[in-house]
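Taken in sequence, the protein lines are chains A and B. Under the numbering used here, think of the first position of the first sequence as 1, with each following residue one higher. Under the numbering used here, think of the first position of the second sequence as 393, with each following residue one higher.
To be clear, the hints were calculated from the coordinates, so they are not data collected in a lab. Heads up, a few of these hints could be off.
Quick list of simulated restraints, FRET-style, between CB atoms [said to hold, decoys possible]:
#, chain 1, residue 1, chain 2, residue 2, range
1, B, 507, A, 40, 39 to 47 Å
2, A, 40, B, 436, 31 to 39 Å
3, A, 325, B, 405, 36 to 44 Å
4, B, 424, A, 40, 26 to 34 Å
5, A, 22, B, 410, 36 to 44 Å
Taking beta-carbon pairs under 8 Å as the criterion, some of the chain A residues facing chain B (in silico) [said to hold, decoys possible]:
#, residue
6, 21
7, 24
8, 25
9, 32
10, 35
11, 37
12, 137
13, 164
14, 295
15, 345
Keep in mind that this is a model prediction, so the values were computed, not measured. The beta-carbon is built from N, C-alpha and C at its ideal position, and this holds for glycine as well.
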Amino acid sequence: MRNPLSDTVIKMKPSGIRKFFDIVSEMPDAISLGVGEPDFDTPWNIREEGIYSLEKGRTFYTSNAGLLELRQEICNYLERRFRLSYNPKDEVLITVGGSEGIDVALRAMLNPGDEVIIPEPCFVSYVPCVQLAGGVPVTVSLKNENQFRLTKEELEAAITEKTKILMLSYPNNPTGAVMEREDLEAIAEVIIKHDLYVISDEIYAELTYNSGHTSIASLPGMWERTIVINGFSKAFAMTGWRLGFAVGPAMILEQMTKVHQFAIMCAPTNSQYAAVVAMRDCDKDIVRMREAYDQRRRYLLDAFQKMGLSCFEPYGAFYIFPCIKEFGLSSEEFATRLLHSKKVAVVPGDAFGECGEGFLRISYAYSLEELKVAIGRLGEFIEELREGKGND
Amino acid sequence: MQQERTKILKLLQNNSKLATADIAVMLGMDEAVVIHTIQDMEQEQIICGYNTIINWDKTDVERVTALIEVKVAPQRGEGFDRVAERIYNYEEVTSLFLMSGGFDMTVFIEGKTMKEVAQFVARKLAPMEGVLSTSTHFVLKKYKEGGTKLEQSKKDERLVVTA
Numbered sequence: 001m002r003n004p005l006s007d008t009v010i011k012m013k014p015s016g017i018r019k020f021f022d023i024v025s026e027m028p029d030a031i032s033l034g035v036g037e038p039d040f041d042t043p044w045n046i047r048e049e050g051i052y053s054l055e056k057g058r059t060f061y062t063s064n065a066g067l068l069e070l071r072q073e074i075c076n077y078l079e080r081r082f083r084l085s086y087n088p089k090d091e092v093l094i095t096v097g098g099s100e101g102i103d104v105a106l107r108a109m110l111n112p113g114d115e116v117i118i119p120e121p122c123f124v125s126y127v128p129c130v131q132l133a134g135g136v137p138v139t140v141s142l143k144n145e146n147q148f149r150l151t152k153e154e155l156e157a158a159i160t161e162k163t164k165i166l167m168l169s170y171p172n173n174p175t176g177a178v179m180e181r182e183d184l185e186a187i188a189e190v191i192i193k194h195d196l197y198v199i200s201d202e203i204y205a206e207l208t209y210n211s212g213h214t215s216i217a218s219l220p221g222m223w224e225r226t227i228v229i230n231g232f233s234k235a236f237a238m239t240g241w242r243l244g245f246a247v248g249p250a251m252i253l254e255q256m257t258k259v260h261q262f263a264i265m266c267a268p269t270n271s272q273y274a275a276v277v278a279m280r281d282c283d284k285d286i287v288r289m290r291e292a293y294d295q296r297r298r299y300l301l302d303a304f305q306k307m308g309l310s311c312f313e314p315y316g317a318f319y320i321f322p323c324i325k326e327f328g329l330s331s332e333e334f335a336t337r338l339l340h341s342k343k344v345a346v347v348p349g350d351a352f353g354e355c356g357e358g359f360l361r362i363s364y365a366y367s368l369e370e371l372k373v374a375i376g377r378l379g380e381f382i383e384e385l386r387e388g389k390g391n392d
Numbered sequence: 393m394q395q396e397r398t399k400i401l402k403l404l405q406n407n408s409k410l411a412t413a414d415i416a417v418m419l420g421m422d423e424a425v426v427i428h429t430i431q432d433m434e435q436e437q438i439i440c441g442y443n444t445i446i447n448w449d450k451t452d453v454e455r456v457t458a459l460i461e462v463k464v465a466p467q468r469g470e471g472f473d474r475v476a477e478r479i480y481n482y483e484e485v486t487s488l489f490l491m492s493g494g495f496d497m498t499v500f501i502e503g504k505t506m507k508e509v510a511q512f513v514a515r516k517l518a519p520m521e522g523v524l525s526t527s528t529h530f531v532l533k534k535y536k537e538g539g540t541k542l543e544q545s546k547k548d549e550r551l552v553v554t555a
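For reference, chain A alone in the conformation it holds in the complex:
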C-alpha cells in the first residue's frame, strides 16, 4: 500500500505541550499550573442566553460570516474598547475560536513559499498553521532583556524579499509580555516600509494590567494591512464555546470567509447567540475577572521575588515566565523534576519555541489558595536545588 499521509503533516512537529500533558495526566494528585484557560465559569447571563437559545430551538446554521447581530455587536465593542472601526457587513468573520481565525487568515493570504515572521516564544499553532498553508515560518527569538517585545531591529533583520506577513501576538502567551503604543509604532514603521501584512492575535487584549491594550490596527497606515484575531475564550471565560472572530479589510475578509465557508460552514449557532450578550452586557464581568487575575499576578511576582527567582514583570494575559537558567537544568528537566518531587506541573518554556529554553510558563488561572500551595512547593524545590548546588 502506498503512504496515505501528507509529507507536510508528517514533517510537522507534535506540540511540546502534548508530551508534557501525557506525563502530568498520569499524576492525578498533582497541582497543575499548566492550564491555558480561565478558571472562572462563563458569566451566568451568557450561559443563560445559551440555554434560552436552545429552548427557542435556534439550532439552525447561521450565515457563513456569522449572525449579523453578533457582527454588529462585535463592531460596537471593538470601537468602544479599542477604537477600531469595521463594517459588520463585510469586514467581520465569526470563527470557531481565535485558532480558526489564524488558520483561515494564513490560508487566505499565503502563496507557496511566502515567508511569515513569527516572534517566539509564542502560541503553539502559528508555525504549523503557516506550514499547512504552504508558507515558510521564519522565527525570531525574542529576548528576556527586552521583556519579550519585538524590536524594530529584530524585525528588520528577519525580513527578506519573500516576507509577506508578521504574526504578532500581544498580550503574549506564554510570556505575559505586552507591547505598548510606542513599541508598536516603532515596528509599524518597518512594516509599512517593507509593505508587509500583520495577523495580530489579540485574544488576551482585555487582560492587561498596566495601561489598556493598543491594537496595532489602530495605528496610522496599519488598518489596511492588519487582520485582527480576537475571541471570547479568555476575556469572557468561554473557551469551550469555541467562538472567535477576525476583522480586517473586506478584500481579505471576503477570501477568508470563502475558506471558512468550505471548511466550517459557520460557527456554532448556540455560542453565537450567547456571545451577543457577552459583547453587549458583560463589561463588568471582564473587570471583575481582570481584577482577580491582577491580584494573583502581584502575588506571584512578590513570591518569586522573595524566593529570588528572576522574572520580568508581565503586564498581560495570565502567565508569568520566570527564568530558571541559574539552576543549570533544561526547562524540561526542571519541570519534570518539580512534577515528580513536589507534584506541581508547570510548562517548560521551550514548548513555545526554542528560545523559551531556560524559562517556565506558569499560569495564574487558579484561585489564590491553589496558587499559594503550589508556589510554596515550588519554593521548597528551589531551596533544595540551591542547597544541592552548595554541597557540590
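We have chain A; now place chain B onto it with these hints.
Below, chain B alone, put in the same frame as chain A:
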C-alpha cells in the same frame, strides 16, 4: 484612598480571613497602610463585623430560620427606628431590614425548633406596641448566603496542561 478602601472591602467581603500581608501584595499597597485603612473602617463602622457563613444543616445542631414580614405603625417623631430597635435587640433576631412595598420590615429569626420560633413571634413580636401584623415563613433550605453558594462541589475539570 476611596478606591483603595473599596478594593480592600471587596476582598474582605469575599474572604474576611485574608491576611493583611496578602491584601497588601494583591493590591500593590503597603501592609501598614492596609492595616491602618482596615482599622479606620472598623472605627467608622464601615466594617461592622466578620461573621462566618455556616451551613448548620451539615452539623448536628438543630436550627431553623424564619423570615417574618412585619407591618408596623410608625411612631410620631421616631418613624420606624424605635420599633426596629425593640425588635433587633432580641438575640433571636439575626437580621432586620426596613422595606419598601406591601409590608414594612423583614425580620430574620433563628431558633432551635419551629415551635421556639413560633413562640417568639406569638409572645414577643406580634404583641409588641406598634406591630400591626406578622406573617411567618420558614426557610426550608439555604442555597446561597452572603454571596456564597453553600453546596459547592466543584471540581476543576479543565485539562491539566493546555497551550
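- Message: Output the indices of the hints that this structure fails to meet, ascending.
- Response: Of the numbered hints, 12, 13 do not hold.
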